[in-house]
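Please construct the entire structure, taking both the sequences and the accompanying hints into account.
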Amino acid sequence: MTMMATPPHLRIINNYYDTRSGDAVFTLFPRLPTELRLHVWELSMAKQRLIHIDLMCMHPGDADPKHKYEAVVSNGVQLHTKLLRVSREARHAALKFYRVHMQCTMLRGGLCQWAPRLDESVPQPLYLNPEHDLLYIRTWGPAEHTFFAFIRDLKARDARRVGLGRLGLDASTIVALLGTSPDGADFRPFSHVRDVVFIMDSLYARFIHTVGGLRFNHSLPVLALPPAFDLATDPRPRHQLEADLKDTPVWEDLHQMREQMQQLFQAWGAPTSQGQGEKEEMQGTPSRLRERVLIAHNVHFAPHAPIVDTSTAATFLQKDYERGRELMDEYKLRVQPEETELQAEQETERDARPAVGFWLFDADAFMSRQMAGPNPAMVDLRGHWPELALSRLL
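Counting in my numbering, the sequence shown runs from 675 upward without gaps.
These aren't lab readings, by the way, just hints derived from the structure by calculation.
Only a predicted model underlies this, so the values are computations on that prediction, with no experimental measurement involved.
Mixed in with the good hints there might be a few duds.
Keeping only pairs whose Cα atoms sit at most 25 Å apart, straight-line, the calculated DSS-like set for lysine-lysine is [what the hints assert, rightly or not]:
no.: 1; residue 1: Lys-770; residue 2: Lys-756
no.: 2; residue 1: Lys-721; residue 2: Lys-829
no.: 3; residue 1: Lys-770; residue 2: Lys-721
no.: 4; residue 1: Lys-1006; residue 2: Lys-993
no.: 5; residue 1: Lys-721; residue 2: Lys-756
no.: 6; residue 1: Lys-829; residue 2: Lys-770
no.: 7; residue 1: Lys-920; residue 2: Lys-1006
This is the structure we're talking about:
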């Protein structure tokens, strides 16, 4: 396995999910009671996923097109559970758990920085669970033909009428939604949203300029294509992460993004807490809404092979580290040549091991922080330990 040849300081902390291992076979499983088998199926599917969905307007000039949008899933690698192909019983359990069934296209080439090309995609079904799936939605066209139409379809295909429960948005999509209004007084797009994540990934997040000069951020997680992840407090040693958390790159104005989201909630109607009336529902952002910020290094827009497993992760991290070392050495030779060799040895020893996935911070962590400088602003987050979403890699 590639990871064995990787230097210790470049070995990812993600677990390795080897589904081909003989130890993973339980031959007596078919003899278990039906209720127990179904419970095992459900537990195996109860994982969180970050799913990138680009909504493409199919007929921008048509006021009432028959099919308004194309939903393009950009990270469809390992998206569907294998239970769909195991047995009739397992498939039935999977379709019940992922109860929202949509038609979409899966993008062949991975994530796109700009609008995806539909000629590089293939039609496939999309199975969703609103309680577990975080949908990172981008729109390419009028909101009524993309965003609103998609959420209407989500709710229509959900027997529980939830549709959208967890939403990820970037700054450009929030701006595109401002000033728009869904048709129909009874339609509230955010009526069941309980989790909002502000997306702040970047191509350049691991290479940052600070007051002290150029730095390479080893702690910052790197995004992968597989959508499933395990979420917990970042387990890496505090002394390794604090140097990087001190200068966390933030590429958008989070204050503005939150204000704009509140405007959308107020304009479209906020979720209803149990026992609240219609009047309270319309007053703005709900108290039960959780707002977090996703920060990660996005490699898939760059000229690299996407990270889909432990092998491609090791390849990328090795090349990225070598590139970072070259930039650091070039900078230090110009600025402080006598310290270059010593610092290189010290940095290798104190670097945090890399993680494939993303950080999640509570949005309130940014509100009291001074943002030093424009795009990106460097925010000191040492007092707010992040959650680390580790991608499930094969």
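Against the structure, the hints:
no., hint, in the structure
1, Lys-770 with Lys-756, "holds (14 Å)"
2, Lys-721 with Lys-829, "holds (21 Å)"
3, Lys-770 with Lys-721, "holds (15 Å)"
4, Lys-1006 with Lys-993, "holds (20 Å)"
5, Lys-721 with Lys-756, "holds (14 Å)"
6, Lys-829 with Lys-770, "holds (16 Å)"
7, Lys-920 with Lys-1006, "holds (21 Å)"
Hint check: no violations occur; every hint is consistent with the structure.
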